[in-house]
Amino acid sequence: MALSIDVVQGDVHVTLVLSGDVDTKTAPDLLSQLTALELHALEQLRLNLAEVEFVSSAGLRAIVFAKQKMPHSSRLFLVSASPQIVDTITKTGLAQAVVIVDSEDEI
Amino acid sequence: MSNLIGGEEVAHIEALASMDNWEQFMEFASDQIDQAIPDQSQSYKLKLAYEELISNIIRATNKDLLAGTTPASLEILALKNVWDGHNVFVLRTQDTGPHFDPHFADRDSVDIDQPVHERQIGGLGLFLIQQSVDYVAYDWIDEKNTYDLCMKI
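Protein sequences, first through last, are from chains A and B. Each residue of the first sequence is one higher than the one before, counting from 0 in numbering that gives the first Met the number 0. Each residue of the second sequence is one higher than the one before, counting from 0 in numbering that gives the first Met the number 0.
In isolation and in its complexed conformation, chain A is listed as follows (with noise of 0.2 Å):
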């Protein structure tokens, strides 16, 4: 399933709004995004992942990319992910770098 992807700039944030798979082939527009964002110097990035319905360690390493990136003390939400997709994040220890909410208004 092919990948979408809506930015949305906030005040201090950016959002992310994925629609499709995050997989092997469709990894590489997700980390496209994220690249031309100002990562170093961004406190907040948001991954609406409520369209989502896979993502694969393709779309885990672009992840911890973006974690990499941005400053040490800065927060990376996923909003809105499935259960399996929660716990492929939990099982790889990726929870620890990452907030997961189940929609923005909790943040």
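Hints in this document: simulated from the structure, not taken from any laboratory. Backbone N, C-alpha and C fix where the C-beta goes; we use that ideal spot for every residue, glycine too. Accuracy of the hints is not assured; some may be wrong.
Claimed, not checked - Once the Cα atoms are required to be at most 25 Å apart in a straight line, the calculated DSS-like pairs of lysine-lysine come out as: (1) A:LYS24 with B:LYS79; (2) B:LYS62 with B:LYS143; (3) B:LYS151 with A:LYS90; (4) B:LYS151 with B:LYS79; (5) A:LYS90 with A:LYS68; (6) B:LYS143 with B:LYS79.
Unchecked claim - A few chain A positions that, by computed beta-carbon distances, are all more than 10 Å from chain B: (7) VAL7; (8) SER31; (9) THR34; (10) LEU38; (11) ALA40; (12) GLN43; (13) VAL63; (14) PHE76; (15) ASP86; (16) ILE99.
To be verified - Okay, the calculated bits of chain A under chain B, using three or more residues with CB under 8 Å as the criterion: (17) 21–28; (18) 48–62; (19) 66–73; (20) 92–98.
Starting from the known structure of chain A, arrange chain B on it as the hints suggest.
For chain B alone, kept in the frame of chain A given last:
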């Protein structure tokens, strides 16, 4: 003696191990998994392991491919069997790429407590394969890398 499970063939496809055929490989497995495994969590885990495996195979078989040469062939078989007292669904891959044994049983686990800023890229795919299925096995049979991904139904 092989540690593969095998089983009765339900369906199969064969194509060149190329990203050009990515959707074909994914759609085949997704259809077969959805038919065989009703539990959504279990089917997701098998799709995840399969995606990681196919990605690794395509990357490995194309890594040293010379320009103008043909990629390796990749065959996928959907199998049903009884294993360890359970009905199981098996996705078997057979590729004609270079011999590569991932040594699943001997692999070091990914350090999931390592801070993200110290994480190295790589290793997650094989880790997720092992974590996601009930059983995974590799063997070199008839000059082909052969993997079984097994999930209890």
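Checked hints:
1. A:LYS24 with B:LYS79: Distance ~29 Å between A:LYS24 and B:LYS79 Cα, so the pair is violated.
2. B:LYS62 with B:LYS143: 17 Å, holds
3. B:LYS151 with A:LYS90: Within the cut-off at roughly 20 Å; holds.
4. B:LYS151 with B:LYS79: 10 Å, holds
5. A:LYS90 with A:LYS68: 23 Å, holds
6. B:LYS143 with B:LYS79: Holds, at about 21 Å.
7. VAL7: 24 Å, holds
8. SER31: 16 Å, holds
9. THR34: 14 Å, holds
10. LEU38: Holds: least Cβ distance 13 Å, greater than 10 Å.
11. ALA40: 17 Å, holds
12. GLN43: 16 Å, holds
13. VAL63: 5 Å, violated
14. PHE76: Correct as stated: the minimum Cβ-Cβ distance to chain B is 15 Å, above 10 Å.
15. ASP86: 8 Å, violated
16. ILE99: 14 Å, holds
17. 21–28: Since 3 is at least three, the answer is holds.
18. 48–62: It holds, with 6 qualifying residues against the three required.
19. 66–73: Coverage by chain B holds here, the residue count being 3 at a Cβ distance below 8 Å.
20. 92–98: holds (count 4)
Hints 1, 13 and 15 from the list above are not met by this structure, while the remaining hints are.
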